[in-house]
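So the sequence shown is numbered by full-length UniProt numbering: it starts at 1 and just counts up by one.
Treat the hints as calculated values from the structure; they're not laboratory data. Do not rely on the hints blindly, as some may be mistaken.
[Claimed, not checked] Straight-line C-alpha distance at most 27 Å; calculated DSSO-like pairs for lysine-lysine:
| # | residue 1 | residue 2 |
| --- | --- | --- |
| 1 | Lys13 | Lys139 |
| 2 | Lys139 | Lys119 |
| 3 | Lys119 | Lys88 |
Just so it is clear, the structure is predicted and the values come from calculations on it, not from any experiment.
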Amino acid sequence: MTCPDGVYISEQKEWPSINSVFCYYYLDGWTPSGGSDLYTQADDYCIAQVGGRVVDILCDEENAYIAAYLSESDTMIIGLIAITSTVKTVSDLRWNSGMPMDYLSFVNGAEPTPTNSFKLTVINSAGQWDTAAETMTFKSLVCKQVIDT
């Protein structure tokens, strides 16, 4: 099976360490509309436009692939979200897809702690994740969909 046709740039990828095939939809020029929280806006957009979810990142190769979409100063929302309203450690997070959190790539000191407030998780062009960034603007979004093989 191949990725569904659509107006978005899509690419089919299979990672050796993960037993699934995925379609990625790079949405250049995505900007939040205001209102609900940024992650919810991004995930709702992915669901409505392409039937996928905000990208989860399950291995180093996939992390590098997603980071390559970003220019040096850009960040992008990823699907690492809070299990409950109180986030104190990484164990209080989960992937929006329900996949296990076997792979992590946090910027040093950017993992959730009781002293920083969690809003969402972003990835930078170096492939590092951050949950503590305060000021964020987004120019793009990657949605991901599992396809049956």
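Verification of the supplied hints:
1. Lys13 with Lys139: holds (23 Å)
2. Lys139 with Lys119: Answer holds: Lys139 to Lys119 is near 18 Å, not above 27 Å.
3. Lys119 with Lys88: Holds, because 12 Å separates the two Cα atoms, which is no more than 27 Å.
When each numbered hint is compared with the structure, no violation occurs for any of them.
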